[in-house]
Amino acid sequence: MTQIHTSKLFWASCLALLVTSLSFGIRAGMMNQLAIDFHLSATQLGTITATAFWGFPLAIVIGGFIVDLIGMKRLLVMAFIFHLVGIALTIFAQGYWTLFFSTLLIGIANGTVEAACNPLIATLYPNNKTTRLNYFHLWFPGGIVIGTLLVTLFIYLGLGWKLQVAMMIIPTLVYGYLFSKLDFPVTERVSSGYTSSDMYKAVLSPLFIFMFVCMFGTAITELFTGQWIGLLLKNVTDNAILLLTLTTGIMVIGRGFAEPVVHRLAPQGVLLLSAIFAAAGLYMLSTFSGNSVFFAAIIFGIGVCYFWPTMIGFVAENIPKSGALGLNLMGGAGMFAVSIYTIFMGSFYDNLIVKHLPDGTTLESATTATENSSAALALAEAKNLAGPEVLQATLVIPIVLIIAFGGLVIYMRSRNKQSVNSDSYQRA
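In terms of the working numbering, the sequence shown opens at residue 11 and continues consecutively.
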């Protein structure tokens, strides 16, 4: 009989997620340098960034369908291979298409990690799913904090972005080794005896479909803003990348103290308050300037802190028959929405910049203009105006989520009351 080392599997999962988040944090910090080195437009940068979000849902959805068949361990071996190849291709990138495919591979690796680890955490901690998923997912913002601080340090030391990317190889090798040595349990759905038919019925239920659609909004609010905050606000503050560090630092602290928050408010209550704070923070980020932007980043960080793990935790607790497929469809929905939104907003950002350029100045001429020329100064001013406008357009999403999660709180209160009344009737 194999022995399941719960704590070792949990910490190995956290390390795998750390690699996933490092890829986000380091890429967010080197976006401007990639644009300079490879002469990329905002639209091209948006497409490269989006490939990570394409690979993620592709891997996580496919993983959701096959994880019960091939096991979580084999999925994580695949993630390890994809991470190594993607990192190597990024280091030796020669232009747009190399960056495109290397980022796609890293996205596939990231999705495969979550395809295995989300159901693994739910299986390891069946009585404390949402809290443990928050603990696990604190390593996502934690890795972004580490990644952005590494970028800041390496830039200060004059070290290039290739060395920054190479740093990801170390935790990748460690998590690959750990998972190769550990035994894994079967998924919770399999151990609970729920059939595949039960699983497919669960993911077609109205409550699951509602949460699936809401995942679009929560993921865009958190991840699009996080990936683009340095680019959009670099002319509003001299330390734009540190805004991402501050926001994700708040997320690490919040997820670390998830247990009392989740137990007091329940997952649906946490989601409602998160949407309120996210909307307020996004509005502040788009209107404040100077050092006050850092206060806005704190409010926004509080808002998006619990979104991703609590959405998954809600499904794990309230729709358990959906199994690993349900959890992975949620993650896939989020990343797919971000990929589409990122491409759209990259083009939208370029158009806003053009709108704010002087008559007769094209984006191409302004981008290639010499430093301190009138065209270059005009471009900087146009970006200064366009960045906050992108955030203001995104503000609509968390406002809609406030209404949606307000309805969810009312629905769950009614459902829980009916459940209590039914239990009381049966006892009588």
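The reader is advised that the hints may include incorrect statements.
Label-pair ranges, simulated between beta-carbon atoms [as the list claims (entries may be wrong)]:
hint	residue 1	residue 2	range
1	269	192	52 to 62 Å
2	368	76	32 to 42 Å
3	361	386	16 to 26 Å
4	274	365	44 to 54 Å
5	417	167	13 to 23 Å
6	180	428	50 to 60 Å
7	428	208	41 to 51 Å
8	428	80	52 to 62 Å
Since the hints were derived computationally from the structure, they do not count as laboratory data. C-beta atoms are modelled at their ideal positions from N, C-alpha and C, and glycine is treated no differently.
Hint check:
Hint check: residue 269 to residue 192, Cβ distance near 25 Å, so the stated range 52 to 62 Å is violated. Distance hint for residue 368 and residue 76: a CB-CB separation of about 55 Å, inconsistent with the stated range 32 to 42 Å. Restraint check, residue 361 to residue 386: a C-beta distance of roughly 20 Å satisfies the suggested window 16 to 26 Å. The hinted range of 44 to 54 Å is satisfied by residue 274 and residue 365, whose Cβ atoms lie roughly 47 Å apart.
A C-beta distance of roughly 51 Å is found between residue 417 and residue 167, which places it outside the suggested range of 13 to 23 Å. Checking the proposed 50 to 60 Å range against residue 180 and residue 428 shows it holds: the Cβ atoms sit about 52 Å from each other. Checking the proposed 41 to 51 Å range against residue 428 and residue 208 shows it is violated: the Cβ atoms sit about 22 Å from each other. Evaluation of the 52 to 62 Å hint for residue 428 and residue 80 yields a failure: the beta carbon distance comes to about 39 Å.
Checked against the numbered hints given earlier, this structure breaks hints 1, 2, 5, 7, 8; the rest are met.
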